[in-house]
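Number of protein chains: 2
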Amino acid sequence: MLTPALYLFPVPIDNDTPVNRSIPQYNLVPLREIHHFVVENVRSARRFLKKCDREIDIDSIEFTVLDEHTSPEEVAPMLRPLEQGKPMGVISEAGCPAVADPGADLVAVAQRRGLKVVPLVGPSSILLALMGSGFNGQSFAFNGYLPIHQPARATKLKEMERRIIRERQTQIFIETPYRNNRLVTELAASLPGDRLLCVASGLTGEHERIITRPLSAWSKTTLDFDKTPAIFLLF
Amino acid sequence: MLTPALYLFPVPIDNDTPVNRSIPQYNLVPLREIHHFVVENVRSARRFLKKCDREIDIDSIEFTVLDEHTSPEEVAPMLRPLEQGKPMGVISEAGCPAVADPGADLVAVAQRRGLKVVPLVGPSSILLALMGSGFNGQSFAFNGYLPIHQPARATKLKEMERRIIRERQTQIFIETPYRNNRLVTELAASLPGDRLLCVASGLTGEHERIITRPLSAWSKTTLDFDKTPAIFLLF
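Heads up: the sequence lines are chains A and B, in that order. Reminder that position 228 of the first sequence reads as 289 in our numbering, one-by-one numbering, no gaps. Reminder that position 38 of the second sequence reads as 99 in our numbering, one-by-one numbering, no gaps.
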């Protein structure tokens with residue numbers, strides 16, 4: 062029998078890639094025994110479960126939605142099945158639950174109540190991009206989205222630039238996909254030309270690209286990243 | 062035929078755990094076709110390859126060592142097979158190559174020369190600990206080892222404390238395993254009692270423990286983390 066715990070299931074980043082490209086076989090063992098899932102989106106969670114195992118009886122599974130519209134008071138009661146001794150799972154839209162995603166609140170409640178949490182291995186665009194960038198992996202920061210408006214945006218860029226120089230800390234961040242190209246132009250215009258930028262897009266998919274160049278070279282590029290999920294790293 | 066590229070192969074964190082607990086099945090596809098590996102340690106790389114596939118012909122494989130004793134000039138020539146069109150692999154001691162490990166220098170050279178780099182999915186203690194901690198996954202920093210000596214150590218702790226408060230940035234770091242217990246005591250003595258500390262040890266293994274508590278509770282703990290690889294998170 063599966064140990065009662067909150068199991069965190071990573072989901073493939075790329076929709077067209079087979080599950081075994083980025084999920085260890087073992088993850089299916091707890092997956093098959095869990096009947097209570099907290100998910101970011103029910104439709105995509107069902108699709109993921111079916112992809113993992115076509116024999117899974119989806120109708121026997123209870124899904125609870127935890128997304129950016131969930132209010133804080135609603136989170137704690139979601140753990141009731143686990144408090145009654147039943148294993149539970151968390152499935153996010155893509156990548157690793159609780160990293161850049163609402164699942165962290167649920168994990169925090171589980172930790173406060175002394176419930177066991179089991180994170181499973183899977184794809185993280187942050188980590189894959191860092192591995193492929195060639196940048197410092199001994200010290201790095203993930204900053205989420207940059208502030209949209211000035212002057213907060215320029216201040217943030219300056220702060221990241223300072224941490225690269227003073228602390229040799231790789232700076233990682235994301236942008237809304239339709240603004241990717243504009244971001245590359247902006248970085249090239251506002252930071253030193255010898256600063257290195259890595260853009261990683263389509264990770265784990267057929268069109269994966271991980272490209273590191275100095276900003277002076279990026280300013281002349283015609284590479285198109287608009288509308289593809291991408292992750293940006295500076296060093 | 063496998064596309065010529067520098068493939069980055071993660072390795073299980075826990076020695077006693079089957080490979081399929083933390084490595085996707087797919088990773089074995091490129092692994093079987095590569096005859097040139099850059100490794101942190103030849104013995105453990107051979108052991109990993111044999112664990113992945115007992116049929117692998119280890120004697121047909123060329124291993125080049127890249128570790129903390131390798132001088133910078135030695136790194137670039139290691140990529141010669143790839144420049145001649147042969148796929149190459151990187152295998153580190155445990156976890157993901159190029160994250161907190163010398164492989165990053167090799168990836169940097171590959172990027173400078175416009176060679177393709179393919180990071181593969183696998184276990185990262187940093188990411189697993191972050192997922193399991195319940196801390197902010199939208200903003201986090203990995204700091205590597207804390208400085209050993211004062212006053213640099215106290216300054217670093219203060220800086221991390223400031224970034225938790227001002228930026229809500231989760232702070233992640235590691236310690237030499239035999240000093241783990243002393244570190245917990247030190248943190249409890251020098252930071253506010255309501256600051257949350259997560260200690261994650263034995264990740265992906267049978268004795269995995271991921272425990273988040275306020276420092277006021279850690280100061281009274283009798284939990285023993287000495288000599289087990291652990292990762293520390295503050296929030």
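Since the hints were derived computationally from the structure, they do not count as laboratory data. Take the hints with a grain of salt, since some may be wrong.
Same chains, same label: a pair holds when it works inside one copy or across any pair of copies.
Stated by the list, open to error - Straight line, CA to CA, 27 Å or less: simulated DSSO-like cross-link-like pairs of lysine-lysine:
no.: 1; residue 1: Lys281; residue 2: Lys177
no.: 2; residue 1: Lys281; residue 2: Lys112
no.: 3; residue 1: Lys288; residue 2: Lys147
no.: 4; residue 1: Lys217; residue 2: Lys288
no.: 5; residue 1: Lys219; residue 2: Lys177
no.: 6; residue 1: Lys219; residue 2: Lys112
no.: 7; residue 1: Lys147; residue 2: Lys217
no.: 8; residue 1: Lys177; residue 2: Lys288
no.: 9; residue 1: Lys281; residue 2: Lys111
no.: 10; residue 1: Lys281; residue 2: Lys219
Status of the hints after comparison with the structure:
| no. | hint | in the structure |
| --- | --- | --- |
| 1 | Lys281 - Lys177 | between (51 Å within a copy, 20 Å between copies) |
| 2 | Lys281 - Lys112 | neither (42 Å within a copy, 46 Å between copies) |
| 3 | Lys288 - Lys147 | neither (41 Å within a copy, 33 Å between copies) |
| 4 | Lys217 - Lys288 | within (24 Å within a copy, 39 Å between copies) |
| 5 | Lys219 - Lys177 | neither (40 Å within a copy, 31 Å between copies) |
| 6 | Lys219 - Lys112 | neither (44 Å within a copy, 47 Å between copies) |
| 7 | Lys147 - Lys217 | neither (44 Å within a copy, 42 Å between copies) |
| 8 | Lys177 - Lys288 | between (39 Å within a copy, 22 Å between copies) |
| 9 | Lys281 - Lys111 | neither (44 Å within a copy, 46 Å between copies) |
| 10 | Lys281 - Lys219 | within (23 Å within a copy, 42 Å between copies) |
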